[in-house]
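Trainee: Here's the letter readout for the chains.
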Amino acid sequence: MDMAPQLDTDALLADPETRIIVCCGSGGVGKTTTAAALGVRAAERGRKAVVLTIDPARRLAQSMGIDALDNVPRRVEGIDGAAGGELHAMMLDMKRTFDEFVEAHADPERARAILANPFYQSLSAGFAGTQEYMAMEKLGQLRARDEWDLIIVDTPPSRSALDFLDAPKRLGSFLDGKFIKILMAPAKVGGRAGMKFLNVGVSMMTGTVSKVLGGQLMRDVQTFAAAMDTMFGGFRTRAEATYRLLQAPGTAFLVVAAPERDALREAAYFVERLAADRMPLAGLVLNRVHGSGAVQLSAERALAAAETLSLGLAETSGASNPAQPANPRGSAGPADTTDLASEAGEAEGATLTVNSPENLAEDGIVDPGSGHAQEQNASAADDSSASDPDGSPTSAERLAVGLLRLHAERMQVLTREQRTHHRFTTLHPEVPVAEVAALPGDVHDLAGLRAIGERLAEQPERQPKSAAG
Amino acid sequence: MSRLHVVSGKGGTGKTTVAAALALALAADGRRTLLVEVEGRQGIAQLFETGALPYEERKIAGAPGGGEVHALAIDPEFALLDYLHMFYKLGSAGRALKKLGAIDFATTIAPGLRDVLLTGKACEAVRRKGKDGRFVYDYVVMDAPPTGRITRFLNVNHEVAGLARTGPIHNQAQAVMRVLKSPETAVHMVTLLEEMPVQETADGIGELRADGLPTGAVIINMVRPAILDHAAVDAAANGRRAAVAKALSQAGLGGARRGGLAERLVDPLLEQAREHAERVALERAQRAELTGLELPLYELELLTDGVDLAGLYRLATDLRKQWPM
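Going down the list, the protein sequences come from chains U and B. Be aware that the first sequence starts at 1, since it is given in UniProt numbering, and climbs by one per residue. Be aware that the second sequence starts at 1, since it is given in UniProt numbering, and climbs by one per residue.
Derived by calculation from the structure, the hints in this document are not laboratory data. Incorrect hints may have been included.
Partner residues are not named here, just some residues of chain U that face chain B (Cβ under 7 Å, in silico) [to be verified]:
1) L142
2) Q216
3) T308
4) L399
5) A400
6) P429
Keep in mind it's a predicted model, so treat the numbers as computed, not measured. Where is the CB? At the ideal position from N, CA and C, for every residue including glycine.
Build out the structure end to end from the sequences listed, making use of the hints.
Mentor: Okay, structure coming up:
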């Protein structure tokens, strides 16, 4: 049986050495929710925490009181401060972060020139890597301020999970790179004599580039590059510092996933990438895991039992005799002590006795594939509870059929999830895993985040779960 | 009917799967579709169970009635070299530019340029005609960026407006925009019946409309059957537990008496039913929200064993039954 070590998120949150937690993973797996839930739990257990979110769903943001995007951490109201903790939260404004960076690293006149440059304006708002770069920049700033003892970062919804590790370097190498230098060359003619020969080739090249880009864009890029010249070193230094910060012992990466094939494939990829970059991985958070209080009843047996009852119902209505027991085993009460397996055998026998062609033809009372089935069921149940509280056997059986079909569906989901999960743990047996049980609805208040935090902390007892089916 | 189908949706809703199923559905009756991917994820190759797609249009599947689905993973770098070659005959100069990092620069850092190249390539495929004067592809389906970025991605004109006010990039953006804003294009959204994806879909549709981009259909993916609702579950829980236990016992699941095997199933099964009923109620509210968008709604059922090639064909058939094609 796969026995991956368990991820103890409470221990991670309680450890004062943990200063940064980075939540990463593919889109739609509940990354932001996990980050927020960890923040709430950390704060209520005494940490002074700040959550940096990138692009939260509106109601999740509102639940933390950060529906205004202002790039400054705000204290979250409604946190239980009995343990001495606090929670702050902020949403990243990448343009503003970039602007602040420019203002901090250039003299006022130069900063004004950069901020007004059309190329800069597009770059700061639109470049695919800017968000990643600025998230890391903001993380560096928060860490440097040292006002919080725990920073929890959500990573941008990237095209691929790798982007946020690569983007800082990429942006750094571009702004620092050969091409920008060449573009800039005409802007600083008259310098270095040794550059003269190079400049002939370069001007040919910039001529070509200019033809393709258009003269005006070319001029904007050149002006931008010239203005940014003094800041290039700054970019590189910051990108390297952020990268080192991520590798430092106080940082913990959590890979977030859902028990689905694609999400876990991405998670596996990410685990490998973090290892290659020597980034400290704390473990995998597996969200939306389904469980059942009745795992002893397999999907197959539940469906068979539902079938038996359906056939009984069909027979009853077909014979227009509701008083007749739907199933010959109707009075088999004292079977308590027999084990389920042997009863299953008997059930199959029972199925055979009612499995005549006309019954099959009339089996349409509960259509498993129909979206309207629940209305039939509901009305059946309403009728019986209104007119006949002790119930005709038929409506209780209808309900039982519904319950069994639901259970079969649940067990199928569970089996599939365990299979996908198992595939991951086979590939990466060393990665600690925490499972979070699925909630029926979305989370959009502190109570919901608290509930997620509890589910994260309370890992189910590890008994070898035999995948039913 | 539109010829360029752009498929977007929140992450995790299965937009790549839906785009592929749509490409298959549109290829029925001997037609030829091109399925393009723009985010370098190789999701199409995984779905069709083939090796990674190169920057080259190739047939990846056949459709009923002799139809064909071709696929292309658009890589911005190749798209730029392609473009330079087509318009400037810059074969070797292109390579020199690449060496200098200029291509990287143009496709990665220069904002908006990348998107013009990606959408530009798709539009080129839409308009491309063969020697016989007929369109090479009857339809082009794009597995597009997610909802949060789709309007910005498609609105290349706006994105490069501040950047290139004149010149070749400006002209290219204008040409792309003419196709994207015409009835030749339809932008579809894939969603689940959950709060966040539905909210994002509504927001995304609002943004598309505000920018004058043509909206198409909303596809509700991974729909699960509703089996019981609150009324039924409450009825079962209130005073009818014994009767339910008896029914389970009749089905051969053990004794109905207190502590019997069937009786012990009642609580966990009711708990599951309660969760299910809660979900059914939430889904009903989400469906109402989607109906309010006043766009065609199509539904695809959840494939409980995940999407394999056979599942993909099944989804394509389901789409074809609902979609006026």
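Trainee: So, for every hint listed, does it hold in this structure?
Mentor: Hints and how they fare:
The interface hint given for L142/U is violated, since its Cβ lies 24 Å from the closest Cβ of chain B, which is over the 7 Å cut-off. Interface hint at Q216/U: satisfied, since its Cβ lies 6 Å from the closest Cβ of chain B, which is below the 7 Å cut-off. Interface restraint check for T308/U: the shortest CB-CB distance to chain B comes to about 5 Å, inside 7 Å, so the restraint holds. Annotation: interface hint on L399/U holds; nearest CB of chain B at approximately 5 Å, less than 7 Å.
With 7 Å as the threshold, the beta carbon of A400/U comes within range of chain B, its nearest partner Cβ sitting at about 4 Å, so the hint holds. The beta carbon of P429/U comes no nearer than 23 Å to any beta carbon in chain B, farther than 7 Å, and the hint placing it at the interface is violated.
Checked against the numbered hints given earlier, this structure breaks hints 1 and 6; the rest are met.
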